[in-house]
Amino acid sequence: MDPFTIAGALAIGAFVLYLRNFFSQPSIKPKPPILKKDFKKDTVYLFQYARLKKCPHLSPFCMKIDMLCRVYNIPFEVVVCTSERSRNGLLPFIELNGEHIADSSLIEMRLKSHFKIQPLPDELEAQSVALSKLVDTHLFLLVFFLKNHPLIFFFSILMRFKVAVQEYYKVLYNCIGLPPFLSFIMIPILKSTIGKSVYTKSAGAIGEFEWDELDQFLHKDLEAIQTLMKGKFLLGDIISSADITLFSHLATVYYPLRCHVSDVLEKDFPKILEYCERVRKEVYPNDFTL
4 MDPFTIAGAL AIGAFVLYLR NFFSQPSIKP KPPILKKDFK KDTVYLFQYA
54 RLKKCPHLSP FCMKIDMLCR VYNIPFEVVV CTSERSRNGL LPFIELNGEH
104 IADSSLIEMR LKSHFKIQPL PDELEAQSVA LSKLVDTHLF LLVFFLKNHP
154 LIFFFSILMR FKVAVQEYYK VLYNCIGLPP FLSFIMIPIL KSTIGKSVYT
204 KSAGAIGEFE WDELDQFLHK DLEAIQTLMK GKFLLGDIIS SADITLFSHL
254 ATVYYPLRCH VSDVLEKDFP KILEYCERVR KEVYPNDFTL
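Following the numbering used here, the numbering of the sequence shown begins with 4 at its first residue and continues without gaps.
Simulated from the structure, these hints should not be mistaken for laboratory data. Heads up, a few of these hints could be off.
DSS-like cross-link-like pairs, simulated, lysine-lysine; straight-line CA separation at most 27 Å [as the list claims (entries may be wrong)]:
no.: 1; residue 1: Lys284; residue 2: Lys119
no.: 2; residue 1: Lys235; residue 2: Lys119
no.: 3; residue 1: Lys235; residue 2: Lys284
no.: 4; residue 1: Lys34; residue 2: Lys115
no.: 5; residue 1: Lys235; residue 2: Lys57
no.: 6; residue 1: Lys44; residue 2: Lys115
no.: 7; residue 1: Lys34; residue 2: Lys173
no.: 8; residue 1: Lys40; residue 2: Lys115
no.: 9; residue 1: Lys284; residue 2: Lys115
Simulated restraints on C-beta separations [claimed, not checked]:
no.: 10; residue 1: Pro78; residue 2: Arg261; range: 30 to 38 Å
no.: 11; residue 1: Pro182; residue 2: Glu126; range: 22 to 30 Å
no.: 12; residue 1: Asp266; residue 2: Gly101; range: 43 to 51 Å
no.: 13; residue 1: Pro35; residue 2: Lys274; range: 40 to 48 Å
no.: 14; residue 1: Met189; residue 2: Asn76; range: 45 to 53 Å
Bear in mind that the values here come from a model prediction, so they are computed numbers and not experimental data. Glycine included, every Cβ here is placed at the ideal spot set by N, Cα and C.
Using the sequences and the hints, build the whole thing.
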C-alpha cells in the first residue's frame with residue numbers, strides 16, 4: 004500500500020473519530036472497582052496522599068475529610084495512595100460499605116447523612132453552609148458562581164502564594180513518594196506543570212494581578228474572615244463545617260512550609276493564628292509533628 008493511501012486512510016479515520024466525539028453526548032465516568040474488599044460496616048476508608056512531618060496533609064481537601072471524621076467521631080481508616088485516584092481523577096475519595104464516593108463536598112454531605120450528624124440551629128447552620136461554600140471553592144472550579152463575593156479571591160490567592168515557593172514542590176515531591184534520586188529532574192517538572200496550571204486557572208477566575216495587588220486582596224480577605232469570628236471558633240464555641248473548611252485551607256498553607264502567607268499571618272493577623280491553634284489543639288492535639 005502506497006504512502007498516500009495510508010495517509011488518506013488515517014485522515015479519514017481521524018475525521019470519523021472527530022465526528023463521533025463531536026456528536027456524542029458527554030457521559031460520567033463509571034465508578035472504579037472497590038479497592039477495600041474486606042471492608043468493615045460503617046467504616047470510612049479515606050484514600051489520600053501520604054502525611055507530612057509538620058502537618059497531616061498538604062491537600063486541604065484531604066484534611067477536610069480527615070477533620071470531618073475526627074470532629075464527628077466517624078470511624079475511619081486512612082489508605083495512602085500512590086497511583087489510585089477517584090472517578091474524577093483526584094484525591095481524596097472514600098469507600099463506605101462498598102461504595103466509591105468522590106469529591107470532598109459530596110463526601111461531606113454523604114457522611115453527614117449516613118451517620119445522622121445533627122445540624123446546628125437553623126440560623127447558624129445556614130451561616131456555616133454559606134461560609135463553607137464561600138471558602139471551599141474547589142480551587143477555581145466553582146469560582147464562577149461566586150465571583151463577585153469579597154472572599155472569593157482568598158483561596159485562589161493562597162494557592163498562588165503557596166506554589167510560588169520552591170519548598171512547596173519539595174514537600175509535594177516527598178508527599179507523592181517518588182524516589183529521592185529523581186528529585187533534581189522531577190521537582191522542576193512539578194514546578195513547571197503545577198505552577199503554570201494554578202496560574203492559568205487563577206488568572207481565569209480572578210484575573211491577572213501583580214504580587215503587591217494579590218497581597219492587598221490577601222489582607223482584605225483575611226480582615227473579612229477575622230471579622231466573621233464570633234467566639235472560640237467561627238460561629239461560637241462549637242467547631243462547624245465552616246471551621247473545618249477554613250482551617251483545612253489555612254493549615255495546609257501555614258504549617259508545612261513558609262511563604263508570604265506565613266509572614267502576613269504572623270505580622271498582621273495574630274488573631275487568626277490563635278484561632279488556628281485552637282482548632283489544631285481541639286482536633287489534632289498530637290498529630291501535627293512526628
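Quick rundown of the hints versus the structure:
1. Pair hint Lys284 plus Lys119 holds up; C-alpha atoms about 26 Å apart against a cutoff of 27 Å.
2. Taken as a hint, the Lys235 and Lys119 pair is honoured in the structure, with Cα atoms around 25 Å apart against an allowance of 27 Å.
3. With a C-alpha separation of about 12 Å, the suggested pairing of Lys235 with Lys284 holds against the 27 Å cut-off.
4. Note on Lys34 and Lys115: the hinted pairing holds, with a Cα-Cα distance of about 21 Å set against a maximum of 27 Å.
5. Between Lys235 and Lys57, the direct Cα distance comes to roughly 24 Å. Compliance with the 27 Å bound is thereby established for this hinted pair.
6. Among the hinted pairs, Lys44 with Lys115 is consistent with the structure: their alpha-carbon atoms are about 16 Å apart, no more than 27 Å.
7. Between the alpha carbons of Lys34 and Lys173 the distance comes to roughly 32 Å, so the proposed pair goes past 27 Å and is violated.
8. Between the alpha carbons of Lys40 and Lys115 the distance comes to roughly 24 Å, so the proposed pair stays at or under 27 Å and holds.
9. For the proposed pair Lys284 and Lys115, the alpha carbon gap of about 23 Å is at most 27 Å, so the pair holds.
10. Checked against the given bound of 30 to 38 Å, the beta carbons of Pro78 and Arg261, roughly 35 Å apart, stay inside it.
11. Checked against the hint of 22 to 30 Å, the pair Pro182 and Glu126 fails, with Cβ atoms roughly 53 Å apart.
12. Checked against the hint of 43 to 51 Å, the C-beta distance between Asp266 and Gly101 comes to roughly 47 Å, which is consistent with it.
13. At about 44 Å, the beta-carbon gap between Pro35 and Lys274 stays in the expected band of 40 to 48 Å.
14. Taking 45 to 53 Å as the suggested C-beta distance range, the pair Met189 and Asn76 does not conform, at roughly 39 Å.
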